[in-house]
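Chemist: Protein chains in written order, with the numbering used here: chain A, 696 to 1128; chain B, 25 to 568.
Because the hints were derived from the structure by calculation, they are not lab data. Treat each hint with caution, since some may be false.
Output of the computed footprint for chain A on chain B, the stretches with three or more beta carbons under 8 Å from beta carbons of chain A [stated by the list, open to error]:
hint, segment
1, 193-201
2, 331-344
3, 357-367
4, 523-533
Only pairs whose alpha carbons sit at most 30 Å apart, straight line, appear in this in silico DSS-like list of lysine-lysine [unchecked claim]:
hint, chain 1, residue 1, chain 2, residue 2
5, B, LYS145, A, LYS908
6, A, LYS908, A, LYS1127
7, A, LYS1127, B, LYS125
8, B, LYS447, B, LYS145
9, B, LYS447, B, LYS422
10, B, LYS125, B, LYS149
For glycine and all other residues, C-beta sits at the position ideal for the given N, C-alpha and C.
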Amino acid sequence: MSAVTEVRRTIGDVSVARARAYGVLFLLVALVIVVLFAIPTEATAETRFGLNPSLAGRSAIRVPDLTFPTQITLYALAAITAFIGGVQLARGFPRANLMLGVVTGLFVIAFLAWAARDASLNITVLLSSTLLRATPIALAALSGVLCERSAVINIAIEGMMLTGAFNAALFGSLASNIWGWGRFASLMTGLLAAIIAGALLGLLLAVMAVSYKVDQIIAGTAINILATGLTSFLSSQVLQQISGLNNTPIFQTLPIPVLSQIPIIGPILFQQNLLVYLMFVLLAAVHIMLFYTRFGLRTRAVGEHPRAADTLGVNVFRTRYINVTLGGIVAGLAGAFLVLGSVGRFDEVMTAGRGFIGLAAMIFGNWMPFGGLGAALIFGFAESLQTRLAILSVPIPSQFLLMAPYIVTIIVLAGVVGEAVAPAADGQPYEKQ
Amino acid sequence: MSDATRIGFVHFTPTTDHNLVEVVHDALRELAETSDYSLELTDANDLAEMNDAILRLLQAHSTLVVTVGEDAGRVAEAMAPQYREASFITVDYEPGKVETKNVFGVRVDGARAEEAADAVKEQVKRTIQARTERPLQAVFERLMAWNLPSAVVPALAIITALIIGAIFIVAFDPDIWEAFGQGIGVGLAASVRQIGRAYGALLQGAFGDPIGAVRGLIEYFQTGNDATFRSAIYPLTESLRISTPYIFTGLAVALGFRAGLFNIGGEGQYFLGGLASTFIGYAVTGLPMFIHLPLALLAGFAGGSIWAAIAGWLKAQTGAHEVITTIMLNYIAFRLADFLLSIGGPMARPDDPRPISPPVLPSAWLPQFFPNSVAIRLNFGLILALLAVVAVWYLLFKTSLGFEFRTVGSNPRAGRTAGINVKRIYVVVMALSGGLAGLAGAHDVLGVTRYMPNAFQSGYGFDAIALALLGRNHPVGVLAAALLFGFLRSGAQRMQAFAAVPIDIISILQGLIIIFIAAPEVIRMIYRIRTSTEGTEVVTTGWS
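The task is simple: from the sequences and hints, build the whole structure.
Modeler: Okay, here's the thing in structure tokens:
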């Protein structure tokens, strides 16, 4: 990890070459909006964006739906994008990366307006389900942040989530169907079991990576394979053999009084289940912990320069143990969400790579708790958009739409986060002298 | 590169005893004049330069590096495990921190200068003699260079994993619980029976029936009927067939690791390779086999290669981390395969209710070892995989490109100062790595299924990481690990059928084996094996 300082010319917050590339990219986006979306659209077409929750049992103060002529809107969006591109090319914005975000947003709006031409798309429901789908990914990213800020790479998030999900299903069902406990008590039992399972795997990772100094990627891969095997084995030997062991109650939507009635925002943010709120609380807690407490300062010191931290009296091993175990707890919670927050049952390999997506979200979000949420929302958005676009008449195979967030991640990673830096000591075991 | 042995000489200017440097230098010069050695000189002003200095010598094909002084010796010793094709003689430094076979210390404390010079000359001669006179042993040593701590630890790791696996088999079997209900003795007897049945099936499923094979062979020679022989070796051939894609993907990941790149996208490259092979296999018609088959294989290699090279190129140009880009490329590959193969898709089989590709033409099939048997699916892909092991070994340890890979892997900054185009290396390594993973897909399509199914997640991508790590990133080690995984998985299929043990037990065993091999201290603790001083080899580093 060398500190090579390069002197280079910059425009705003990016290099000259990249600033130009952004400008060209923005103009291309404008062109795409015109050619692919605006021109093929009939002049009389209208788009309707629904702004009221449509699901049963959810309500907020009603607002009129947004209806607008499709083609003119598309031309307007293209014009704004082209203007931004022109300015970027001519003299450059001071915050070009922010402009990249703005242009991406404009493109998405244009796409939605085009997709919902002559039809109606409920934006509130779309965004609400985006948040729901982003929650486990954001939690997975948070788990990564906790570990990597203390310089332990946690590639085992996937395995921890899987184990958390399994335990949530098993113990939630056990409490509810065998012991006959109440719904809330059963949910808490499942949650607790997932947390304990995550903590134990976190501890296992810490023992291997911190004490035995096993290569961290090896340790994580081993945990992933082990967790896949254990949960699949036990699932077919236990969950599928004994009836009632794979059927938990789930967290119902819990509207927050008053706030949930705010139009648009209320149904999106404040009509979710308890675990979504818990995710926000955890993100804030970890953010405060990392940047405003003594323990957080120590964690970051251990992640950046363990030797110096050690000299100043910080216990490097203990700090890493605590962080990795906390990371395991959060990953277990992310797994519990997949069961208790949605389907109420465990299926083999049900995490389907969300742990790795979480890892990507963590890097994407620059090792910041809320940065990870931002990245997770992109994945969540694409997932929930895909299910809805099937209803609308979009002449794009759904597979390409599902590819989109991954392509976007690569582009953004190459464009923006390529310049992000991991904690300096990330991945290196510490040898006390 | 001439045949003459090149000796590199390096010392650490600020602190070394200058008299000693002179003496050793003169001794080496004298040697060089009287025999056909050539001498390369260099020195370093600080410790950071020391690494670069030794690299320069190795790059100039010095097969023997002589260092003077403690600091120089320590640096040489640290580098020795990475460059086993060279030998290191450390004058005035006693190696022993790291377990290495190619570092030799020459002690000089208190000795007179002439004695030291003689000792150095003697050691140089002995080392060169050892290198040139015993080529067979040198080859053997290099083959073993993946440096198992000892054969004991892996063996105990496998045994321990099997014991823990047995506990799982028994603990979650309802019949065993019932037996324990009738009494502890009954329960224990039932447990032993079940474990015996399960692992017996595992062994038989992995290796087949050797006695039956011999009997079948005799029968074949007597009657010309090889049916008995075929059924006796069927499990063995299945094990080898399952091992084949493991060999390819394990090599892919190991090659990346050697250059410091973490190719986690073997899964996607496997799919792209399979898709490309399939397309050439059914769309190109009228070719004879000796053109069609290589073409289809090449397509498989190219498919995986291009897919992985995207990640390499992005890393080189923008610094985007390959772990994330290859994971993203995995998901893109799944969607792409889904699009191509879904009913009505561009590569879907017409008029078929299943989402699969049209059948590959026989001219692109990988030939079978037993063409008259439908059941035995072992094919020449295995030979290709073994050739790939040799090719990767040759590339890594016998070519200057391989040297550059390893240098970039151990220290990209030093590689850059040594004049290596690191960006080019990233792209080339990823392309080769992805090509190998693509060949795994080509094998499965051209040798086994003969069409491309639209199945998500073969699991090769992650198993391959385990394989590379188990094999310590050495081609021969990877081969051994791939055979282990292949035989386990093949045996587990029989175990599932005959002992009702879910096949997932294999993943548990695999995970445990990796943990025990990666953390040998655990095994040493359980079995009270004395600890040997051994370097912790870090194969991967952080994100940047």
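Chemist: Hint check: LYS447 (chain B) vs LYS422 (chain B), CA-CA at most 30 Å. Holds or violated?
Modeler: 22 Å, holds
Chemist: If you count the residues of the segment 193-201 of chain B with a beta-carbon closer than 8 Å to a beta-carbon of chain A, do you get 3 or more?
Modeler: Three-residue rule met by the segment 193-201 of chain B, so holds; n is 3.
Chemist: Under the criterion that the straight-line Cα-Cα distance not exceed 30 Å, is the pair LYS447 (chain B), LYS145 (chain B) satisfied?
Modeler: Roughly 41 Å between the alpha carbons, so the hint for LYS447 (chain B) and LYS145 (chain B) is violated.
Chemist: For the pair we were handed, LYS908 (chain A) and LYS1127 (chain A), check the Cα-Cα distance against 30 Å.
Modeler: 11 Å, holds
Chemist: With a C-beta cutoff of 8 Å, work out whether three or more residues of the segment 523-533 of chain B approach chain A closely enough for the coverage to hold.
Modeler: holds (count 7)
Chemist: For a C-alpha distance cap of 30 Å, please report whether LYS145 (chain B) and LYS908 (chain A) respect it.
Modeler: Since the Cα atoms of LYS145 (chain B) and LYS908 (chain A) sit roughly 40 Å apart, the hinted pair is violated (cutoff 30 Å).
Chemist: Straight-line Cα separation of LYS1127 (chain A) and LYS125 (chain B) no greater than 30 Å?
Modeler: Distance of about 27 Å is within 30 Å: holds.
Chemist: Hinted pair, alpha-carbon criterion (30 Å max): LYS125 (chain B), LYS149 (chain B). Please report holds or violated.
Modeler: 17 Å, holds
Chemist: Go check the segment 357-367 of chain B versus chain A for me, would you? Three or more residues, Cβ under 8 Å, otherwise it fails.
Modeler: Since three or more residues must qualify, the claim that chain A covers the segment 357-367 of chain B holds, with 5 doing so at under 8 Å.
Chemist: Can the segment 331-344 of chain B be counted as covered by chain A under the rule of three residues or more with Cβ-Cβ separation shorter than 8 Å?
Modeler: That given contact holds, which follows from 5 residues of the segment 331-344 of chain B lying within Cβ reach (below 8 Å) of chain A.
Checked against the numbered hints above, the structure violates hints 5, 8; every other hint is satisfied.
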